[in-house]
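**Q** As you go down the protein sequences, you meet chains A and B in turn.
Here this note's numbering is used: the first residue of the first sequence is 5, the next is one more, and so on.
Here this note's numbering is used: the first residue of the second sequence is 748, the next is one more, and so on.
Don't read these hints as lab results, they were simulated from the structure.
The C-beta atom is built at its ideal place from N, Cα and C for all residues, glycine as well.
Hints may be right or wrong, so weigh each one.
Claimed, not checked - Below, computed lysine-lysine pairings styled on DSSO-like, alpha-carbon distance capped at 30 Å:
1. A/Lys511 / B/Lys825
2. A/Lys587 / A/Lys511
3. A/Lys551 / B/Lys754
What the hints assert, rightly or not - Using C-beta positions, here's what the derived DEER-type ranges look like:
4. B/Lys836 / A/Lys125: 43 to 51 Å
5. A/Asn806 / B/Leu847: 38 to 46 Å
6. B/Lys756 / A/Glu53: 31 to 39 Å
7. B/Lys756 / A/Glu82: 45 to 53 Å
8. B/Thr798 / A/Asp599: 40 to 48 Å
9. B/Lys836 / A/Asp825: 24 to 32 Å
Stated by the list, open to error - Not the full set, but computed from the structure, chain A residues with beta-carbon under 7 Å of chain B:
10. Arg132
11. His523
12. Gly527
13. His528
14. Val818
15. Ser820
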Amino acid sequence: MKNIIVVGNGMVGYKFCEKFVAQSGNESFKVTVFGEEPRPAYDRVHLSEFFENQDAKALEMAPAEWYAENGIELITGERVSDIHRETKTITTIKNREFSYDYLVLATGSSAFVPPIKGVEKDGVFVYRTIEDLEGMLAYADKVKKTNPNAKAAVLGGGLLGLEAGKAAMDMGLEPHIVEFASKLMPRQLDSRSSQVLQLKLESIGLNIHLSKATNQILGDDAITGMEFGEDDVLDCDMLIISAGIRPRDELGKTCGLEMGVRGGIVVDNRMKTSDDSIYAIGEIALYNQMIYGLVAPGYDMAGVAVDQILGKAESLMPDAIDMSTKLKLIGVDVASFGEPFMPASKGHSIIFENKTQHLYKRINVSLDGKSLLGGILVGDATDYSMLHQIYLNGMKIPEDPAQLILPAGDGGGAFGDVMDLPDEAQICSCESVSKGQICGAIESGAATDVAGVVSCTKAGTGCGGCKPMVADLTNATLKSLGIEVKAGVCEHFELDRQDLYKIIQVKGYSTFNEVLDNHGTGGHGCELCKPLVASLLGSINADTANKEYAIQDSNDRFLANIQRNGTYSVVPRVPGGEITPDKLIALGQIAKKYDLYTKVTGGVRIDLFGATLNQLPLIWKELISHGFESGHAYGKSLRTVKTCVGSTWCRYGMDESVSFGIELENRYRGIRAPHKIKGGVSGCIRECAEARGKDFGLIAVEGGWNLYFGGNGGATPRHAELFAEQIDNETVIKYIDRYLMFYMRTAKPLQRTAAWQDRLEGGIDYLREVIIDDKLGIAADLDEEMQTLVNKFECEWTQAVNNPEMMKRFNHFVNSEEDDDNLVFVPLREQKMPEQWN
Amino acid sequence: MEEILGKYKSTALKDVTVWFKAATIKDFPKDGGACVKYKDKQIAVFNYARTKTWYACQNLCPHKIEMVLSRGMIGDDKGVPKVACPLHKKTFSLESGENLNGDLEAIATYPVKIEAENVYIGFSE
Numbered sequence: 005m006k007n008i009i010v011v012g013n014g015m016v017g018y019k020f021c022e023k024f025v026a027q028s029g030n031e032s033f034k035v036t037v038f039g040e041e042p043r044p045a046y047d048r049v050h051l052s053e054f055f056e057n058q059d060a061k062a063l064e065m066a067p068a069e070w071y072a073e074n075g076i077e078l079i080t081g082e083r084v085s086d087i088h089r090e091t092k093t094i095t096t097i098k099n100r101e102f103s104y105d106y107l108v109l110a111t112g113s114s115a116f117v118p119p120i121k122g123v124e125k126d127g128v129f130v131y132r133t134i135e136d137l138e139g140m141l142a143y144a145d146k147v148k149k150t151n152p153n154a155k156a157a158v159l160g161g162g163l164l165g166l167e168a169g170k171a172a173m174d175m176g177l178e179p180h181i182v183e184f185a186s187k188l189m190p191r192q193l194d195s196r197s198s199q200v201l202q203l204k205l206e207s208i209g210l211n212i213h214l215s216k217a218t219n220q221i222l223g224d225d226a227i228t229g230m231e232f233g234e235d236d237v238l239d240c241d242m243l244i245i246s247a248g249i250r251p252r253d254e255l256g257k258t259c260g261l262e263m264g265v266r267g268g269i270v271v272d273n274r275m276k277t278s279d280d281s282i283y284a285i286g287e288i289a290l291y292n293q294m295i296y297g298l299v300a301p302g303y304d305m306a307g308v309a310v311d312q313i314l315g316k317a318e319s320l321m322p323d324a325i326d327m328s329t330k331l332k333l334i335g336v337d338v339a340s341f342g343e344p345f346m347p348a349s350k351g352h353s354i355i356f357e358n359k360t361q362h363l364y365k366r367i368n369v370s371l372d373g374k375s376l377l378g379g380i381l382v383g384d385a386t387d388y389s390m391l392h393q394i395y396l397n398g399m400k401i402p403e404d405p406a407q408l409i410l411p412a413g414d415g416g417g418a419f420g421d422v423m424d425l426p427d428e429a430q431i432c433s434c435e436s437v438s439k440g441q442i443c444g445a446i447e448s449g450a451a452t453d454v455a456g457v458v459s460c461t462k463a464g465t466g467c468g469g470c471k472p473m474v475a476d477l478t479n480a481t482l483k484s485l486g487i488e489v490k491a492g493v494c495e496h497f498e499l500d501r502q503d504l505y506k507i508i509q510v511k512g513y514s515t516f517n518e519v520l521d522n523h524g525t526g527g528h529g530c531e532l533c534k535p536l537v538a539s540l541l542g543s544i545n546a547d548t549a550n551k552e553y554a555i556q557d558s559n560d561r562f563l564a565n566i567q568r569n570g571t572y573s574v575v576p577r578v579p580g581g582e583i584t585p586d587k588l589i590a591l592g593q594i595a596k597k598y599d600l601y602t603k604v605t606g607g608v609r610i611d612l613f614g615a616t617l618n619q620l621p622l623i624w625k626e627l628i629s630h631g632f633e634s635g636h637a638y639g640k641s642l643r644t645v646k647t648c649v650g651s652t653w654c655r656y657g658m659d660e661s662v663s664f665g666i667e668l669e670n671r672y673r674g675i676r677a678p679h680k681i682k683g684g685v686s687g688c689i690r691e692c693a694e695a696r697g698k699d700f701g702l703i704a705v706e707g708g709w710n711l712y713f714g715g716n717g718g719a720t721p722r723h724a725e726l727f728a729e730q731i732d733n734e735t736v737i738k739y740i741d742r743y744l745m746f747y748m749r750t751a752k753p754l755q756r757t758a759a760w761q762d763r764l765e766g767g768i769d770y771l772r773e774v775i776i777d778d779k780l781g782i783a784a785d786l787d788e789e790m791q792t793l794v795n796k797f798e799c800e801w802t803q804a805v806n807n808p809e810m811m812k813r814f815n816h817f818v819n820s821e822e823d824d825d826n827l828v829f830v831p832l833r834e835q836k837m838p839e840q841w842n
Numbered sequence: 748m749e750e751i752l753g754k755y756k757s758t759a760l761k762d763v764t765v766w767f768k769a770a771t772i773k774d775f776p777k778d779g780g781a782c783v784k785y786k787d788k789q790i791a792v793f794n795y796a797r798t799k800t801w802y803a804c805q806n807l808c809p810h811k812i813e814m815v816l817s818r819g820m821i822g823d824d825k826g827v828p829k830v831a832c833p834l835h836k837k838t839f840s841l842e843s844g845e846n847l848n849g850d851l852e853a854i855a856t857y858p859v860k861i862e863a864e865n866v867y868i869g870f871s872e
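Just chain A, same shape as in the assembly (with noise of 0.2 Å):
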């Protein structure tokens, strides 16, 4: 039995042992780790995910028992101290002695400190350790009882630095960032990237100071603030310094290896130091006169260590080293591969900038322009996967590169399948596995959804940067074998919308426990699942939402709008905008007689808020005297069609918009759709009731309407694009019931108009044929049940105020005629509002 003795259990001595355990042939060594720190290894990349949750034991590599199960013993808390070459032994901090036939260091690296005057004051701090991170804590929450503005610096704009700056973030400290360079992150970044990161960090609340050079920390006992030049000071509460590694490489010193100018354990390709018997891995390892400070290439040389220990000669670590990193620093993408600083001389570079999103992206490529070189991203990385792998493949490029690039729609989007990678192209840099394993995992039946292919290949488990891409991947191998790749409503469905509607329809079903028993998989639904149902019943029955309230989502429930204190809104209809005198006059007397606060709302309606459960019936009872209806307000439904006031009044009116507007809107009111639908009708091009802005619209110009589809304001505005022109009334209607109706059948649950034709493939074209040419000859189907629809109308205030088994649920209390004692109102204005949350 041979002796294999690890020093450092670190995130590369943890994969040492890893890829030890995985190997053939291990069965004559004895492994014996030693660990410094109290714990196990753990996840230092992930480190300030310990400021979110503070559980350490989930950044673990590996807990305790794992070691011992596969037969390795692990001593923590025991640092070794000395190597004895002559006799191949160890002794520890203990003066514990070991032998060993192979010596394997990974002690890594320490945090540097540099040494300025002042450095040993009393909150300063080096960010590395857990240990690092449980003393912070401690010192934030003191400093902030005495100071609750209290400041925290960091010096160091690295990576690590502003990984500091958001851990300062997270414990309430207003951050700021130091950096003795002129921009941040001055290894990864260029001038203009740094700059847009930069921005964007200032933006979210990061302080930047840069070409700081400091002088001394200031303070009695604790540090008060930073001094960088005479008048220049930084008043602070605690530092944290983040201002590099330096190798943990004293044990190699003391033992005469060959060690580096500047520190580090020079190893050749096989991982060996200039002692046979010893090998070096990690961040104390000097190769090719480099130290890599990062996980991937560490990953590496624990596995090549493995394989010359174990005797495969041939493995060996490769003479160039892949430094590409993709990270998301305080919510913001960062990422550079390949070469990200090029001299002019060796090629040309494409830069796309965007301050005013925060965006950077910049791409390097050969002076032939035909292989990618490198590149930088800030702001989004999404294309990183792929501008990754066609850099480390040398795969074609498109003869304007620009396109890798440029935002989709704006002839980018140019990229290939991930399905054109070679099977060798690594996608997984952290755990080495390539596209040929993860789409073997599935060929083999190995795995058979995203899940399994990262439980069986490990990819996506070290930085997690190639997630998208192994989902991609995964997704698509099983296309390839015909496995359908479904995203179900919720765990109460594996079907989608479309496949409800279609069977919904098919079976007649009407009730949500029909569809959930038939083609659930059990259970009693959700909040997902339960409105689209009483969504696609509406759409395909016409049922209102009295028939099975309690499947209905908040307003649908109780026929208005749930408002912030829990009481309901109500917005009778009013269609078109025109209204007579004497319904205005007793809408105002109802909102008087209910002390109801009262708004024109931004759909040209008048709201009424502030009603109980309780007033709800009464209040409708009356509307519904006075000639009003639903306005549906409360639905996932039309609201209303905005209309100018057209021909009848303007001057400039080509035709007559409210008259068509009120046709509209009586025509398609109470209909469900998947999302709210409004409407607009102007009379002339002035467009004064801004139908471009709604999902569909019209334009009175010489010679009929102009048609437009697909327009929102909201949180994505977007115009509505013309979809026919110069067309009269009768085929205005036949556009929108079919438009309607098959955005109905097609759409996703709570996507609006915009939305789904913006995914539409074909776009507005498409719809033409659809619409116009019958293409897939199901418009006279789409009439048919449109017009079912508008028959089968009902105002579902009217039917409820009407039933006494339907007025039920209006009540507050189901054993009492009380109202919510919970409610206070203050006054506003002239009216009122419920009194502000805390």
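Chain A is fixed; fit chain B onto it per the hints.
**A** Leaving out everything else, chain B in the frame of chain A:
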């Protein structure tokens, strides 16, 4: 705010001293809920008609301190019965009261029993 939250304490079956007769089964919607008044408390009661099981919890959503949970949609999360608040869709287990999609404090839950078509809620005071 603390005061109103403090009114509601989970009651275990073994601690029940009062079975309050709230209403009859048919007063509650199938697979839905309604609110019961007990002294100065508001209790949400849910009828899982598919399995003939019943749950009760405070009507107060701890997120914004509003009396609304009885108007929420019910269902299950991997078999755990839950209610989704109608205001912001915070979901709570009807067994443990735990907030399933966030870290709000747990809501109080109460035992329910059915006798002769009547719905009783168990309290310890």
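**Q** A separate judgement is required for each hint: does it hold in the structure or not?
**A** Evaluation of the provided hints:
no.: 1; hint: A/Lys511 / B/Lys825; result: holds (27 Å)
no.: 2; hint: A/Lys587 / A/Lys511; result: violated (44 Å)
no.: 3; hint: A/Lys551 / B/Lys754; result: violated (36 Å)
no.: 4; hint: B/Lys836 / A/Lys125: 43 to 51 Å; result: holds (49 Å)
no.: 5; hint: A/Asn806 / B/Leu847: 38 to 46 Å; result: holds (39 Å)
no.: 6; hint: B/Lys756 / A/Glu53: 31 to 39 Å; result: holds (35 Å)
no.: 7; hint: B/Lys756 / A/Glu82: 45 to 53 Å; result: holds (50 Å)
no.: 8; hint: B/Thr798 / A/Asp599: 40 to 48 Å; result: holds (43 Å)
no.: 9; hint: B/Lys836 / A/Asp825: 24 to 32 Å; result: holds (25 Å)
no.: 10; hint: Arg132; result: violated (29 Å)
no.: 11; hint: His523; result: violated (15 Å)
no.: 12; hint: Gly527; result: holds (5 Å)
no.: 13; hint: His528; result: holds (4 Å)
no.: 14; hint: Val818; result: holds (4 Å)
no.: 15; hint: Ser820; result: holds (5 Å)
When the structure is compared with the earlier hints, violations turn up for hints 2, 3, 10, 11 and for no others.
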